[in-house]
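Dock chain X against chain G, hints included.
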Amino acid sequence: MGMTLAQSDAQIRYGLANGRRLMIDKASLATQIAGGMASLWRATGVPGQGAVPGAWAICAKGLLGSMGVTEAVAPDANYLAWGWAVCQNAGYAPIISDRLGHMGGLSGTVTTAQGVNADLTVATSNLQERKGDADYSDVNWYLEWYTATGTTGVNATIAVVYDDGSTGNIVVAVAASTAAGRMLSIISAVSGRFIRAITNVTLSATTGTAGNFGVTAVRERTALETDNVAFKRKVSTWAMLGIPEIFANSCLFPMVETITTTTGTIRSQTKYITV
Amino acid sequence: MAAPLAIGTPVRVLAPWSGDEENPSGVTTIAAVQYVNLGGEIVDEPQPEWQYLLDGDEPFADTAFRPEYIEAA
Numbered sequence: 070m071g072m073t074l075a076q077s078d079a080q081i082r083y084g085l086a087n088g089r090r091l092m093i094d095k096a097s098l099a100t101q102i103a104g105g106m107a108s109l110w111r112a113t114g115v116p117g118q119g120a121v122p123g124a125w126a127i128c129a130k131g132l133l134g135s136m137g138v139t140e141a142v143a144p145d146a147n148y149l150a151w152g153w154a155v156c157q158n159a160g161y162a163p164i165i166s167d168r169l170g171h172m173g174g175l176s177g178t179v180t181t182a183q184g185v186n187a188d189l190t191v192a193t194s195n196l197q198e199r200k201g202d203a204d205y206s207d208v209n210w211y212l213e214w215y216t217a218t219g220t221t222g223v224n225a226t227i228a229v230v231y232d233d234g235s236t237g238n239i240v241v242a243v244a245a246s247t248a249a250g251r252m253l254s255i256i257s258a259v260s261g262r263f264i265r266a267i268t269n270v271t272l273s274a275t276t277g278t279a280g281n282f283g284v285t286a287v288r289e290r291t292a293l294e295t296d297n298v299a300f301k302r303k304v305s306t307w308a309m310l311g312i313p314e315i316f317a318n319s320c321l322f323p324m325v326e327t328i329t330t331t332t333g334t335i336r337s338q339t340k341y342i343t344v
Numbered sequence: 821m822a823a824p825l826a827i828g829t830p831v832r833v834l835a836p837w838s839g840d841e842e843n844p845s846g847v848t849t850i851a852a853v854q855y856v857n858l859g860g861e862i863v864d865e866p867q868p869e870w871q872y873l874l875d876g877d878e879p880f881a882d883t884a885f886r887p888e889y890i891e892a893a
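Protein sequences appear in the order of chains G and X.
Heads up, the first sequence is in this note's numbering, so the first residue is 70 and it goes up one at a time.
Heads up, the second sequence is in this note's numbering, so the first residue is 821 and it goes up one at a time.
So that you can see chain G by itself, here it is in the shape it has in the complex:
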């Protein structure tokens, strides 16, 4: 039936008694920065290490690197309703995101326009429901690193298509020695407009090392906060998680904002309810 306002308390209580669990148990990634965002897509552990992507593709349930979810049968729906997290690094808060689409293979030594061809306007894998708001405002875009690029800092000029079909360029600073796992935000340069597609990326100069990076589109679903004590388990209730619906074909994976130079080991268990 899906979550209803009138019956939500009873649905949550019933759902938690019969909920299924999602596990995260990820090894630490090094060479991060304070104040950065890290993708745990390539971290080893649970869920398994995802592959480095090639050409742009929409991500879907079952992709190696995603967390396994048993799909609800309509009219029922799945919701994240409870969880705990234990982080090696004090104060970290793992984020559970739906990986909507990704591509890789961009080079840190190519200084001509490198094709991305990322497009969220397609209907593949229930994308239009998963992406959230029709204006793409629920989507976060990142440059994601798979292999470190070189020791020269450059700018990446990113050609984008906004939700209204207009186009523009967004400049993202790429620091020297950007390492694997790093995610650099691509934020709309136009107030009130949101990115629906990315055409290409042009580096202002060579970084000196090819490395491997790409473009990833995600929709954050929830975050599991922890106290500022390493390895201390903290439980999040349904109210803290916000009961996000897990739509059909979601490709859930963890990310984390980094406070220090590693992601640290991260373990978490989240229950999802089917009501």
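Please note that a few of the clues may not be correct.
[What the hints assert, rightly or not] A partial selection of chain G residues facing chain X, derived with a Cβ cut-off under 7 Å: (1) T180; (2) Q183; (3) V223; (4) V240.
[What the hints assert, rightly or not] Quick list of simulated restraints, FRET-style, between CB atoms: (5) G/N195 <-> X/V847: 45 to 55 Å; (6) G/R89 <-> X/D877: 23 to 33 Å; (7) X/V853 <-> G/I256: 46 to 56 Å; (8) X/E888 <-> G/S235: 34 to 44 Å; (9) X/P830 <-> G/G137: 52 to 62 Å; (10) X/E878 <-> G/A299: 30 to 40 Å; (11) G/V304 <-> X/D840: 28 to 38 Å.
[What the hints assert, rightly or not] If you want a taste of the chain X side facing chain G, the calculated C-beta under 7 Å gives, among others: (12) G839; (13) V856; (14) F885.
These are calculated hints, taken from the structure and not from any lab test.
Note that the structure is a prediction, hence the values are computed from the model and not measured.
In this text, a Cβ means the ideal position worked out from N, Cα and C, and glycines have one as well.
Below, chain X alone, put in the same frame as chain G:
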């Protein structure tokens, strides 16, 4: 054959690499000339290709740009 601009030359970054769709950046200076070989690696020996590493101050602290993206201020 053209030669690189000298270290210390005041320059601006052209649009849109300046971050503005239409306008160049504020003035900064060239901090270093980096020679680039055919493989995109940065080497010490002079090469036909080069790029400029801009000054450690804003607006593009320690960021490199190809010559066609900047102009002398």
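Cross-check of the supplied hints:
The beta carbon of G/T180 comes within 6 Å of a beta carbon in chain X, closer than 7 Å, and the hint placing it at the interface holds. Look at G/Q183: its Cβ only gets to about 12 Å from chain X, farther than 7 Å, so that hint breaks. Using the Cβ-Cβ criterion of 7 Å, the hint placing G/V223 at the interface with chain X is satisfied: the shortest such distance is roughly 5 Å. With its C-beta approaching chain X no nearer than about 4 Å, G/V240 sits inside the 7 Å limit, and its interface hint holds.
At roughly 50 Å, the beta carbons of G/N195 and X/V847 sit within the given window of 45 to 55 Å. At about 54 Å, the beta-carbon gap between G/R89 and X/D877 misses the expected band of 23 to 33 Å. Checked against the hint of 46 to 56 Å, the pair X/V853 and G/I256 fails, with Cβ atoms roughly 32 Å apart. Judged by the Cβ atoms, the range 34 to 44 Å given for X/E888 and G/S235 is violated: they are separated by roughly 26 Å.
With their beta carbons about 58 Å apart, X/P830 and G/G137 fall inside the hinted range of 52 to 62 Å. The beta-carbon spacing between X/E878 and G/A299, approximately 36 Å, falls within the hinted interval of 30 to 40 Å. Range check, G/V304 to X/D840: Cβ separation about 47 Å, and the 28 to 38 Å hint is violated. Taking 7 Å as the C-beta contact cut-off toward chain G, the hint placing X/G839 at the interface holds, the least distance being around 4 Å.
Because the beta carbon of X/V856 sits about 5 Å from the nearest beta carbon in chain G, less than 7 Å, this interface hint is met. At a threshold of 7 Å, the smallest CB-CB gap from X/F885 to chain G is about 5 Å, leaving the interface hint in force.
When the structure is compared with the earlier hints, violations turn up for hints 2, 6, 7, 8, 11 and for no others.
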